[in-house]
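S.K.: Generate coordinates for the entire structure from the input sequences, incorporating the hints supplied.
Going down the list, the protein sequences come from chains A and B. Letter by letter, the first sequence follows residues 1 to 291 in the numbering used here. Letter by letter, the second sequence follows residues 1 to 291 in the numbering used here.
For the record, the hints were derived by calculation from the structure and aren't laboratory data. Take these hints with a grain of salt, some might be off.
[Said to hold, decoys possible] List of simulated lysine-lysine pairs, BS3-like, C-alpha gap at most 25 Å:
#, chain 1, residue 1, chain 2, residue 2
1, A, K284, B, K125
2, A, K248, B, K252
3, A, K252, B, K284
4, A, K251, B, K248
5, A, K76, A, K215
Listed below, chain by chain, are the residues.
Protein chains: 2
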Amino acid sequence: MSDTFTETLHAGYAQTMTLKGKLLVDEQSPFQNVKFFDSERNGRVLVLDGNVQTTTRDHAAYSEMLTHLPIFEHGKVKSVLIVGGGDLAIAAEALKHKGVTRVVLAEIDPVVIEKSRELFADINKKAFKDKRMDIQVVDAFDYLARPETIGAFDLVIADRPDPIGPGAILFADDFYKRIRAALRPGGFAVFQTGVPFYQPEELTDTLKQLGRLFKAAGAYLTVVPTYIGGFMALTWVSADGAVLGDAKKAKKIEKAFATAGVKTDYYTPAIHQASFALPAWIAKLVPKKRK
Amino acid sequence: MSDTFTETLHAGYAQTMTLKGKLLVDEQSPFQNVKFFDSERNGRVLVLDGNVQTTTRDHAAYSEMLTHLPIFEHGKVKSVLIVGGGDLAIAAEALKHKGVTRVVLAEIDPVVIEKSRELFADINKKAFKDKRMDIQVVDAFDYLARPETIGAFDLVIADRPDPIGPGAILFADDFYKRIRAALRPGGFAVFQTGVPFYQPEELTDTLKQLGRLFKAAGAYLTVVPTYIGGFMALTWVSADGAVLGDAKKAKKIEKAFATAGVKTDYYTPAIHQASFALPAWIAKLVPKKRK
Chain A
1 MSDTFTETLH
11 AGYAQTMTLK
21 GKLLVDEQSP
31 FQNVKFFDSE
41 RNGRVLVLDG
51 NVQTTTRDHA
61 AYSEMLTHLP
71 IFEHGKVKSV
81 LIVGGGDLAI
91 AAEALKHKGV
101 TRVVLAEIDP
111 VVIEKSRELF
121 ADINKKAFKD
131 KRMDIQVVDA
141 FDYLARPETI
151 GAFDLVIADR
161 PDPIGPGAIL
171 FADDFYKRIR
181 AALRPGGFAV
191 FQTGVPFYQP
201 EELTDTLKQL
211 GRLFKAAGAY
221 LTVVPTYIGG
231 FMALTWVSAD
241 GAVLGDAKKA
251 KKIEKAFATA
261 GVKTDYYTPA
271 IHQASFALPA
281 WIAKLVPKKR
291 K
Chain B
1 MSDTFTETLH
11 AGYAQTMTLK
21 GKLLVDEQSP
31 FQNVKFFDSE
41 RNGRVLVLDG
51 NVQTTTRDHA
61 AYSEMLTHLP
71 IFEHGKVKSV
81 LIVGGGDLAI
91 AAEALKHKGV
101 TRVVLAEIDP
111 VVIEKSRELF
121 ADINKKAFKD
131 KRMDIQVVDA
141 FDYLARPETI
151 GAFDLVIADR
161 PDPIGPGAIL
171 FADDFYKRIR
181 AALRPGGFAV
191 FQTGVPFYQP
201 EELTDTLKQL
211 GRLFKAAGAY
221 LTVVPTYIGG
231 FMALTWVSAD
241 GAVLGDAKKA
251 KKIEKAFATA
261 GVKTDYYTPA
271 IHQASFALPA
281 WIAKLVPKKR
291 K
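M.R.: The structure is reproduced here in structure tokens:
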């Protein structure tokens, strides 16, 4: 019998992966339990406190949609802040863009970073060695209190966990206000906002909150098989009213992608546009008025 | 402890649902094991030979995308043939269209039909009582050999299982040829074609086969949470070269939907267009030349 790993993120529903071999890492960091293993069907897997965080087979659906989509639509992103992201997957995607000159990673857990460097080499492509990369082992909430973060970023990517445990602060008004202050004119922030099929209130509540705090906000979708429940909701904001998901920019985005030399596993310009179409049941979760 | 049901459709990966109460049905029909139960997170569930077939919570993502999408794009569908579909979900969706005058359901298993009438009343909306409905308890492959099926249908919907066991015949050249003969000019057939994340070859092989046998063929996507693996591939064909997924018809489809009075849980005209955008990794599974 092979070993198995079972995730019960949503009470009453579970996914079970069969391991290839034994656990590679099973360690209590100062912040959480960290597991790595190879699986029969999902490649190499990172699990934090029992929740699947990253797999080599499907991470692209997550990291590419939080990175390439806002970067191509913005058109001139130079500086990127990643909140969390210790697996270095999003950092590696951001660094694929030649125009990006600085990527700051604010990750609280040094164990995740250290183990990911080695065990997720296929994903991170040695991003940690890139000169443009600035890895800060710090609580992102505290990092954003530093004066030098004011107006410093064209794009903030919140690769945050669910709003439980140490990640709860990353859903507070104060967190969003600090991000708002960190954005350059025309800049965007994007957030992981749960799987609406099992966490419908996370999308509704987040959009209400973002609508109060930002001049523009909205949602788009990706599909990450091991984030069980089908669609994953991503949300976006701008401090100055800039809009993400503007269909009029479709041609420009197509052109930019064609010449950027950015290789992708999930993202395409057509998927970019398609990801803003919400199934009827998800559209109903979007609050009508956000003011 | 509550009872649980575990599906292991893809070796090395499983989903487990917690039951509410006991199994409602657990019966060996002449063709397969038939289970019904209520679950904590997924509503009422139909399981055939251990594989989740239909849940009240997410069936719309499947049945609406196989029904409303081709009906709205075609514009004049009168007669529909459903291959399988004993849960009556697709039949109920087709009957929402006032222009549809005849829906034939060719389902081999009378036990599935009989139990679904009662236990899926919320889904089937008493479709079985509609005068336009013609339920045939028959092997769809045999039904399509009847002379009266020649040129008889504007839309054929293959609500087929995976190509294993008794469903294998529904993936054979002869099955597709009979469907080709059953289509009226301008008509479409659509097929369930697996979850590419775990069954990539099913999409590639099916598209190769359809490309050989039909004048036009292609793929589109839906997301059904309990068909684990993220995206589910649906394929379409026409006998005379009519194309499904023609973006130039988007405005017409929007208008038709606005006035049709068809209530949906998943389908929207925007999702209609978006469903033809394939993530890069799925686009790679589509054979380059289909002749």
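S.K.: Indicate, hint by hint, whether the structure satisfies it.
M.R.: Each hint, compared with the structure:
Between K284 of chain A and K125 of chain B the CA atoms are separated by roughly 22 Å; this keeps the pair inside 25 Å, and the hint holds. The straight-line distance between the Cα atoms of K248 of chain A and K252 of chain B is roughly 20 Å, inside the 25 Å bound, and the hint therefore holds. Using a Cα cut-off of 25 Å, the hinted pair K252 of chain A and K284 of chain B holds, with the two alpha carbons roughly 24 Å apart. Of the pairs offered as hints, the one joining K251 of chain A and K248 of chain B holds, with about 16 Å between alpha carbons and a cut-off of 25 Å not exceeded.
Our distance criterion of 25 Å between C-alpha atoms is met by K76 of chain A and K215 of chain A, whose separation comes to about 20 Å.
Hint compliance for this structure: no hint is broken.
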